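Undergrad: Now for the letters of each chain:
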Amino acid sequence: MLGLIGIVLVLSVLAFVAGSLRALTLARAGTGRMLHSRASYHGGFLAIMTAVPALFVLAFWAFGQPMVVEGQVDRLLPPEVQSASALERSVIMGQIKRVSQNLDALSDEEKEAIRSGEKPPVAVLLPKGIPVSGVLGAYTIDAAETYAKLTALAEFWRLAVVLGVAILCFFIGYTRLKPEFRARNHVERAILVFLIVCSTIAILTTVGIVLSMLSESIDFFSRIPPASFFFGTVWDPRFGGVTRAGAEGQFGLIPLLWGTLYISLIAMLVAVPIGLNAAIFLSEYASKRVRFFAKPLLELLAGIPTIVYGFFAIVTVGPVVQAFGAWLLPLFGLEAPTSASSVLTAGIVMGMMIIPFVSSLSDDIINAVPQSLRDGSYGLGATQSETIKRVILPAALPGIVGAILLAVSRAIGETMIVVMAAGVAATISPNPFESMTTITVKIVSQLTGDTEFTSPQTLVAFALGLTLFAVTLVLNVIALQIVRHYREQYE
Amino acid sequence: MSDSGTIQMSRPTGRVPEGAPVKIASRDVNLWYGEKQALFGIDLDVPDNHVTALIGPSGCGKSTFLRCLNRMNDTIDIARVAGDIRLDGEDIYAKAIDPVQLRARVGMVFQKPNPFPKSIYENVAYGPRIHGIATSKKQIDEIVVTSLQKASLWEEVKDRLDEPGTGLSGGQQQRLCIARAIAVSPEVILMDEPCSALDPIATDRIEQLILELKENYCIAIVTHSMSQAARVSQRTAFFHLGYLVEVGDTADIFTNPQDKRTQDYITGRFG
Amino acid sequence: MSGPSDSERIAISEIVARGIRRRRAAEARFKTYGAIAILIAIAFLLTLFATIFSNGISAFTQTHIRLELALDPALIDPDGTRDPEKLKSGNYRKIIETALFSRLNVDAKSPDARLARLMLSDFSHYELRDRVVGNPDLVGTTESVWLPAHSNIDQYIKGAIKKETPNERRLVKDQQIAWADELAAAGDLKRTFNRYLFTRGASSKPELAGLEVALIGSFWMMLIVLVFAVPIGVSAAVYLEEFAKKNSLNDIIEVNINNLAAVPSIVFGILGLAVFVNTIGLPRSTPVVGGLVLTLMTLPTIIIATRAALKAVPPSIREAALGVGASKMQSIFHHVLPLSAPAVLTGTIIGLAQALGETAPLLIVGLFAFVVQAPATPFDSSSALPVQIYLWATYQERGFVERTSAGIIVLLAFMIGMNLLAIILRSRFERRW
Ligand SMILES: Nc1ncnc2c1ncn2[C@@H]1O[C@H](COP(=O)(O)OP(=O)(O)OP(=O)(O)O)[C@@H](O)[C@H]1O
Ligand SMILES: [Mg+2]
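Residue numbers (numbering that gives the first Met the number 0), protein chains in the order written: chain A, 0 to 490; chain B, 0 to 270; chain C, 0 to 432.
Keep in mind the hints are simulated off the structure, nothing from the lab.
Given the structure is predicted, the values throughout are model-derived calculations rather than measurements.
Careful, some of the hints might be misleading.
Think about it this way: if two alpha-carbon atoms lie no more than 35 Å apart in a straight line, the pair counts; the simulated DSBU-like pairs of lysine-lysine are [to be verified]:
1) B:35 to C:310
2) B:35 to B:111
3) C:108 to B:111
4) B:117 to C:30
5) C:161 to C:204
6) B:35 to A:287
7) C:108 to C:93
8) A:294 to B:35
9) C:157 to C:172
10) C:204 to C:87
11) B:137 to B:111
12) A:388 to B:157
13) C:204 to A:127
14) A:177 to A:148
15) A:127 to C:93
16) C:172 to A:127
17) C:108 to C:204
18) A:287 to B:117
19) A:294 to B:111
20) B:117 to A:294
Given these sequences and hints, build the entire structure.
TA: Here is the structure:
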């Protein structure tokens, strides 16, 4: 595949050279007639002609080939497999594909043993390091051989067709090269199309995010009713029982949501007062020198990777919080915290991480408040703090709210700090010294476990991801809209 | 400046005639923005219960001087003032004077109407609230009403005191700003081109207002409009390149200017 | 209409005067809050750096022990061929043990022999093997060789394991301490630069664990981000800023890009898993998948930075180019874009620095594999710098805590270096129109 792309690109470079040379010859031969476009545009035109259609064909082929091959192989499978669920069939097909790529590793006797049903495929294949499970039957070898044969055939044709298209289009383009040919217009149109395609990637990403999570989430909800996910209060996914009925565990979102929101709340309680006061101090009181040093230091907080915060949380903040809890809680007749990971640890550290988001956005927003309002207030004899509290902050309020919403969205989506410092127990408790867990933590643990991809234990991660995406999307869009309106108001 | 000697020789004293009540007396006021000097030895008296107009070409330091009178220049980091300015004989740049206190006595209205993004009521109530002049709702209500009445805005807004001040027309906004300034009962009102953003009708209303207010306040107004200066002021001071060139009764300045530069400016030859 | 009377004014100014002290106090308090906020944030930052450095700086050195090794041909080259392939299977462990026991005066059968073996790293014989294979002439000679000490000995030398701890609760026993002290006094034990940190991959033994695989993996990913995100991002920005008309589609694209910049990174990981791994079938745990995910994440940053840069180029430049007969496309690619290149570059570097530290999406696409061999291509299993740090952080051993911090120091060094570069570029090329 990559090799083929490489070949096409090399051909395209050759086409560029050929086109440029051709244009120069045309210019020299055609007495008096000037080239409409510079020679390099002719080369560019030819290069595009050679590469683009061929790459398109290749892309479609890459998409269609597995479908066709798997359709053919599917027919070979015995009826009991045919009637299995789509999910099971896709698991089986995936394993057949794996076997087909490793057929060389099997001796003829071993193949025969499987074919005759003498040995189950998994017993032969697994020791050879081919990861398959017990669902495969005696049909495996035939199916895999067909798979391999069809794939090889398809790949041969792919090579032929792609190169054929490249060469054909090259010649079509070549015959069009004339001195008066408007190569530049064609090339520029192609570039424009490329630019448009690039700018739609942002949309495609969003669509991709939604689709990729939607289909798996639908799959998940076909087994776990949405109500028991969204309103369930128990999180207990029970790893291990893959497809056995009744062993699916409970997937209640509420405890995760509770942990997420609790930690975000603490983070905001830390970040908003500190960030806002810092922003006010920097933009209204600090001398140039203080600003010069303090502002980059604050911004550095935003540049530090969250993994660093996570580590800091477990080695430094966690033990302090735990010691504090051990002193505080018994005063209220509660038990001392048992672990350093807690809502408070994660919340405090996350709050620190978020300070610069609050402060730098607020700084911008406070600076956008027009000087005339400050003058008006000072002119009436207000002190600086009165001006800030009673005029500037109210005027900047919408913008600051937007900034805080963006920060909340970041807190909700933050992963590494909570993975390292919040804990894994899905509990609902008001005690901030207790360790709780969040949506993001569970996404990580469900997707990095060893379960099958198609088990609800894994699929739930997609439902969680979709929930997370939806929540942050709403927050972001509202926040961005508020900030935008605010900016326009003072422009 | 090389010719500063000649100019300083002809420096007017700016003293009001013997016996007139002097509200603000400034002596040898110099001001620098960083390295750049913007005011050169200004001597000017502002009489009480009069309107004093400051005129002059753009950039000559009118606003700068006006802002010296309530220490608004304190809010500009790079501005540095030297000289002596007295309000009722009290040095306003003395250590003991808090600019906050001073500004309660010397109010200011700006070129562009700048109501706060709050309700009309809150705009007017702002000053009394921060200074603690009125504490009960009733007292504040009373101040708001009388201030709006004095700014002759009451009739237009009495039914919508809760609406944002920024929703008013330009002229109304400027009168709101005047009401806001009046609400703390200042002794002096400084106005920096209060009508430059307004249409003629709105301008006319403000001018009427200024003439009414003069009975009870000392007013200094910066204006670019000769006719406005002639209409509203009793005294006029002409500034040029940071110097006070000439000052006198408005009628004298406009009919019989002593300085060539004043003459040129008034007849519209430059500026 | 009459204004306030003189007596009213006096009353008011007295009220104002009375309030001044209180208001000035409130002012001072308010200002102090601001200063405290800044100080808290900076104190936190400094604590963070201090913690990381005090924990991690020691990982850049490693304790080594010198032994006189008799490279007995009978043990490593019985056939006497000096063939490097054959030399690879020699019994280097035995050579080292013999030398160690004789240096420490331990009988091979005594109970102390086990403790003596634990003085040296488990892989010190590989070190020796590579040396001999690289220079077969050494066979038969006696070489003085510095070998890596065991992690626990290393930690004792670095002071993390204390002599004062009772013997039973100490990972390094009294006997070992005596040996270590004796070796150090004789000049046969010292701390040197820890090159394993950069030349080795994953390992379950802290003294053997290094960042090589992670660094190479991260390098591949940064390369992929650079190759894809920059052209795509710049192209998208050029279209949106220069060609796109104001219509609802472009509005949607706009909102989209701003939103994407704020989507949680883990969601990009899920996207990568579903699209690049499950649908397209790229191999999991490889830099190519990680790189593509990071590309998508970095795109909004680059697009936003490029658009800002394009916006800053005054229209006069465009008009001048159009005036001399260039097409719109030419005026943009030949004039406008080159002028905004420094700003685009700055945005790109900042985006790359962000991508370098991103962990969660890489975990999701499986870049946490235990990889010993450096990935030769982006299609080989690999780790990534921040993920390696995460993995080390989950181990309890003191040697790994130290290495986690060292990994963070390396990561931060890269990030701060990149950000400094961006700042320098910005100030050098900053153009005021
Ligand atoms: N904040 C400031 N910083 C630096 N220089 C200033 C500042 N404000 C004014 N200046 C300079 O001081 C000089 C006087 O300015 P000022 O605003 O007082 O003029 P003006 O007479 O009010 O002009 P205009 O009629 O245009 O309002 C000008 O040269 C101006 O550039
Ligand atoms: Mg002015």
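Undergrad: Does each hint hold? Answer for all of them.
TA: Comparing the hints with the structure gives:
1. A C-alpha spacing of about 34 Å is found between residue 35 of chain B and residue 310 of chain C, which places the hinted pair at or below 35 Å, so the restraint holds.
2. The straight-line distance between the Cα atoms of residue 35 of chain B and residue 111 of chain B is roughly 26 Å, inside the 35 Å bound, and the hint therefore holds.
3. For the given pair, residue 108 of chain C sits about 97 Å from residue 111 of chain B by alpha-carbon distance, which is inconsistent with the 35 Å threshold.
4. Pair hint residue 117 of chain B plus residue 30 of chain C holds up; C-alpha atoms about 25 Å apart against a cutoff of 35 Å.
5. This hinted pair checks out: residue 161 of chain C and residue 204 of chain C have alpha carbons roughly 21 Å apart, not beyond 35 Å.
6. With a CA separation close to 20 Å, the supplied pair residue 35 of chain B and residue 287 of chain A stays within the 35 Å bound.
7. For a cut-off of 35 Å, the pair hint linking residue 108 of chain C to residue 93 of chain C stands: about 14 Å separates their Cα positions.
8. Our distance criterion of 35 Å between C-alpha atoms is met by residue 294 of chain A and residue 35 of chain B, whose separation comes to about 29 Å.
9. With a C-alpha separation of about 16 Å, the suggested pairing of residue 157 of chain C with residue 172 of chain C holds against the 35 Å cut-off.
10. Proposed proximity of residue 204 of chain C and residue 87 of chain C is supported: the alpha carbons are some 22 Å apart, at most 35 Å.
11. Of the supplied pair hints, the one linking residue 137 of chain B and residue 111 of chain B holds, its CA atoms being roughly 31 Å apart against a limit of 35 Å.
12. At roughly 27 Å between alpha-carbon atoms, residue 388 of chain A and residue 157 of chain B fall within 35 Å of each other, so this suggested pair holds.
13. Distance hint between residue 204 of chain C and residue 127 of chain A is fulfilled; the C-alpha atoms sit about 28 Å from each other, no more than 35 Å.
14. Between residue 177 of chain A and residue 148 of chain A the CA atoms are separated by roughly 47 Å; this puts the pair beyond 35 Å, and the hint is violated.
15. Distance hint between residue 127 of chain A and residue 93 of chain C is fulfilled; the C-alpha atoms sit about 34 Å from each other, no more than 35 Å.
16. Restraint check: the Cα-Cα separation between residue 172 of chain C and residue 127 of chain A comes to about 44 Å, which exceeds 35 Å; the hinted pair is violated.
17. In summary, the hint linking residue 108 of chain C to residue 204 of chain C is supported, as the alpha carbons are separated by about 26 Å, within the 35 Å threshold.
18. For the hint linking residue 287 of chain A to residue 117 of chain B, the alpha-carbon distance of about 32 Å falls within 35 Å, and the restraint holds.
19. Our distance criterion of 35 Å between C-alpha atoms is met by residue 294 of chain A and residue 111 of chain B, whose separation comes to about 33 Å.
20. Distance check on the hinted pair: residue 117 of chain B and residue 294 of chain A sit about 31 Å apart at the alpha-carbon level, within 35 Å; holds.
Hint violations for this structure: numbers 3, 14, 16, all remaining hints satisfied.
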